[in-house]
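K.L.:
If you want the building blocks of each chain, they are given just below.
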Amino acid sequence: MIMRRAMRRFVLTVGATLLVLAAGGFLFAWSGLYNIAASRGHWAIVEWMLRFGMTNSVELHAVAIDPPDLHDRDLVTLGGNHYRGGCAYCHGAPGAKANPVSQAALPPPPDLSAVSDNWNDSQLFWIVKHGIKYTGMPAWVSQNRDSEVWAVVAFLKAMKTMSPDQYRALQPDPPPSAPAVEREAIASCGGCHGIPGERPRTGLVPVLDGQKRDYLIAALEDYANGARESGMMQPIASDLAPATIGALAAYYADRPPLEPADGISEADAEAGRALAIAGLPEAGIPACNTCHAGDALPSYPRLAGQSASYLAAQLRFLKAGARGSSGRSAIMTSIAQRLSEPQIDAAAAFYASSMPEQAAR
Amino acid sequence: MKGIRPYLVITCSIALAGCEGTQSALDPHGPAAARIAILTWFLLGLATAVLGLVIAATWLAIGGPDSVRGWLGRQRTVVAGGIVFPTVVLSGLLIYGLWLMRADASTSTPDLRIAVTGEQWWWRVTYHLGDGRAIESANEIRMPVGRTVALTLTSPDVIHSLWIPSLAGKVDLIPGRSTTLRLKADRAGIYRGACAEYCGGPHALMALHAVAMPAQDFASWFSAHGATLPALDDAQTRGGQLFLSAGCGGCHAIDGTEARGIIGPNLTDLGSRQTIGAGLLPVSRENVARFVARGQHLKPGNRMPQFDIFSDEQLSDLASYLLAPKQSEPHD
Numbered sequence: 001m002i003m004r005r006a007m008r009r010f011v012l013t014v015g016a017t018l019l020v021l022a023a024g025g026f027l028f029a030w031s032g033l034y035n036i037a038a039s040r041g042h043w044a045i046v047e048w049m050l051r052f053g054m055t056n057s058v059e060l061h062a063v064a065i066d067p068p069d070l071h072d073r074d075l076v077t078l079g080g081n082h083y084r085g086g087c088a089y090c091h092g093a094p095g096a097k098a099n100p101v102s103q104a105a106l107p108p109p110p111d112l113s114a115v116s117d118n119w120n121d122s123q124l125f126w127i128v129k130h131g132i133k134y135t136g137m138p139a140w141v142s143q144n145r146d147s148e149v150w151a152v153v154a155f156l157k158a159m160k161t162m163s164p165d166q167y168r169a170l171q172p173d174p175p176p177s178a179p180a181v182e183r184e185a186i187a188s189c190g191g192c193h194g195i196p197g198e199r200p201r202t203g204l205v206p207v208l209d210g211q212k213r214d215y216l217i218a219a220l221e222d223y224a225n226g227a228r229e230s231g232m233m234q235p236i237a238s239d240l241a242p243a244t245i246g247a248l249a250a251y252y253a254d255r256p257p258l259e260p261a262d263g264i265s266e267a268d269a270e271a272g273r274a275l276a277i278a279g280l281p282e283a284g285i286p287a288c289n290t291c292h293a294g295d296a297l298p299s300y301p302r303l304a305g306q307s308a309s310y311l312a313a314q315l316r317f318l319k320a321g322a323r324g325s326s327g328r329s330a331i332m333t334s335i336a337q338r339l340s341e342p343q344i345d346a347a348a349a350f351y352a353s354s355m356p357e358q359a360a361r
Numbered sequence: 001m002k003g004i005r006p007y008l009v010i011t012c013s014i015a016l017a018g019c020e021g022t023q024s025a026l027d028p029h030g031p032a033a034a035r036i037a038i039l040t041w042f043l044l045g046l047a048t049a050v051l052g053l054v055i056a057a058t059w060l061a062i063g064g065p066d067s068v069r070g071w072l073g074r075q076r077t078v079v080a081g082g083i084v085f086p087t088v089v090l091s092g093l094l095i096y097g098l099w100l101m102r103a104d105a106s107t108s109t110p111d112l113r114i115a116v117t118g119e120q121w122w123w124r125v126t127y128h129l130g131d132g133r134a135i136e137s138a139n140e141i142r143m144p145v146g147r148t149v150a151l152t153l154t155s156p157d158v159i160h161s162l163w164i165p166s167l168a169g170k171v172d173l174i175p176g177r178s179t180t181l182r183l184k185a186d187r188a189g190i191y192r193g194a195c196a197e198y199c200g201g202p203h204a205l206m207a208l209h210a211v212a213m214p215a216q217d218f219a220s221w222f223s224a225h226g227a228t229l230p231a232l233d234d235a236q237t238r239g240g241q242l243f244l245s246a247g248c249g250g251c252h253a254i255d256g257t258e259a260r261g262i263i264g265p266n267l268t269d270l271g272s273r274q275t276i277g278a279g280l281l282p283v284s285r286e287n288v289a290r291f292v293a294r295g296q297h298l299k300p301g302n303r304m305p306q307f308d309i310f311s312d313e314q315l316s317d318l319a320s321y322l323l324a325p326k327q328s329e330p331h332d
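Sequence order for the protein chains is A and B. Letter 211 of the first sequence, counting from 1, is numbered 211 in this note's numbering, and no numbers are missing. Letter 162 of the second sequence, counting from 1, is numbered 162 in this note's numbering, and no numbers are missing.
Bound-form chain A, shown alone (with noise of 0.2 angstroms):
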């Protein structure tokens, strides 16, 4: 009796703290005086508790997400050129400070030259999937393109020791003495898919030079209103104006297809030709050519020149049904899917070692 009274006694003691505690919290934040301001920085100790929670929630987050080969020149020239547009703003680069006005945000965005020292690349992945909350570090824009972070984790690594000229290499210099729209075409595309003429400058992405206008247009008014997702080029494709994709397109569309790369065995050509060309009717698939090849609508990609890599990539987000809204996306998904990974590989081998015809536009 006398245990069951003190137990009782116990529990409306701590109940009535509580409440008063968060009568008090909430009388404080009411009042306004706790100072908001990020002039003001933090107390040491608030510092440290924030930091703490925030690297063991990321440790303890990250601990399941396995890396891939983070190795290859492809991935580290598509992150950087990320880094470029999306991240040096604030947290700098090799030979380039963050601007001040990213460091008068609390926290301040910190220098990530050595941030590979800092965390593993499941870690850095998680952080650059996720973002952070109570921070200014956003989550990547979509969150089904794995791939696309992987490139930035790639990145960061390589950026230990990257020179302030092997980063400023990453963005082609536009010629003054060219026209406009070739100036807006190497100073926003040329980074990564090359200065026209060129092949791009990583094997995952595609190559624009003779793709077709419409298709060209099509592709980057689905980026620019989320209809296909990335968080690459959903930023660059929301910062053109409609004038501006439409003259990119025709220019595009007007130049020369480029010679397909070279490193594609014949073997492997020859096993999607039948593909491309007859399909395999018993599997339900149709011969790519119908919709890739010839006189198909203007909406619809050439496929010839393209790297394997990029094509085998673009088929698997297909597969997977990833690769966006658009009624374009749903037609290719449903064929996709009847793809085996043997076929995909297959056909985006054909496609990259053959010879590109010149777009209608």
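Simulated from the structure, these hints should not be mistaken for lab results. Since this is a predicted model, take the numbers as computed values, not measurements. Misleading hints may appear alongside valid ones.
Some chain A residues well away from chain B (every beta-carbon gap over 10 angstroms; in silico) [as the list claims (entries may be wrong)]:
id : residue
1  : V46
2  : P138
3  : A139
4  : D165
5  : A187
6  : E221
7  : Q234
8  : I236
9  : L258
10 : G284
11 : A287
12 : S326
Reference listing, derived: stretches of chain B covered by chain A, where coverage requires no fewer than 3 residues with Cβ under 8 angstroms from a Cβ of chain A [stated by the list, open to error]:
id : region
13 : 249-255
14 : 261-267
15 : 306-320
Cβ atoms here follow ideal geometry from the backbone N, Cα and C, with glycine treated the same way.
Since the structure of chain A is already known, use the hints to place chain B on it.
P.N.:
For chain B alone, coordinates are given in the frame of chain A:
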């Protein structure tokens, strides 16, 4: 009992209404279906009589006079009623059934041979012309009244079963085997058939229509495959170009054009068919346009990608082209 009588009457009337129409085994329009209907009624009558006997025996065994109960309990009664009676009745039924259905197993030469392949989820129909050549169609069988048509049934992947209840019983389509279904219609008419074996996804939306035509009409329909047709108008021409450029020909064939796909149904004679989507919707310009643009909503899971990329005008052109009369060309 009194209270539920109106409901019973209503329920039974609704249920019985399902017994007539284009897809009913109780409304036979061909000899095979008629035999099945006779057998059905005969079995129903016999089963009712036997059930009556069993109920009467049970009732007497519980509440009947002692003499009757004694008689029922005798070993001779049990042997006669429990062993001899079922053996005789079931053997008789077997013999009657075999005799009645003997014609279905006939192997006489049919007047027309049509190959029907069960695809996922539609019917590929190939008319064999007799000279080694054939004409392609889908989801519809045209047949002359009063003639025997043999359907050669196959399937490339999963088991289907073709059942046109007003004309015949059902026969399975089995991968790696060829089965035969003989049809004969006594009267001209359109008889609906269905896939009667669950085959995945939109199995429930896999119907076929058998169109029985008077023999002369059938002959002229069949030979009209060589007739001159009106030229395509502007909308149809635009639709035809769109059909090719949008890649439809990767899966569909239209005889006499570059569209030679064999994955999906041949669409040459679509305009003369009853339905699109294997019995899904009546053939009309609006419905063809709807199926192209919203096919996955109308028949979820079907193998045709939904082409939600066309303007209303393009859809209308495309549908006009698809419904325009075209010539089926025999192939080898």
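K.L.:
Each of the hints needs a verdict: does it hold here or not?
P.N.:
Hint-by-hint comparison with the structure:
1. V46: holds (53 angstroms)
2. P138: holds (32 angstroms)
3. A139: For A139(A), whose nearest Cβ neighbour in chain B is about 30 angstroms away, the distance exceeds 10 angstroms, so it holds.
4. D165: It holds; D165(A) is separated from chain B by about 46 angstroms at its closest Cβ, greater than 10 angstroms.
5. A187: The claim stands: A187(A) keeps its Cβ more than 10 angstroms from every Cβ of chain B (closest is about 32 angstroms).
6. E221: holds (13 angstroms)
7. Q234: holds (21 angstroms)
8. I236: holds (24 angstroms)
9. L258: The claim stands: L258(A) keeps its Cβ more than 10 angstroms from every Cβ of chain B (closest is about 25 angstroms).
10. G284: violated (5 angstroms)
11. A287: Check fails; 6 angstroms does not lie beyond 10 angstroms.
12. S326: violated (8 angstroms)
13. 249-255: holds (count 3)
14. 261-267: Answer holds; 3 residues pass the 8 angstroms Cβ test.
15. 306-320: holds (count 4)
Of the hints listed earlier, those the structure fails to meet are numbers 10, 11, 12, in rising order.
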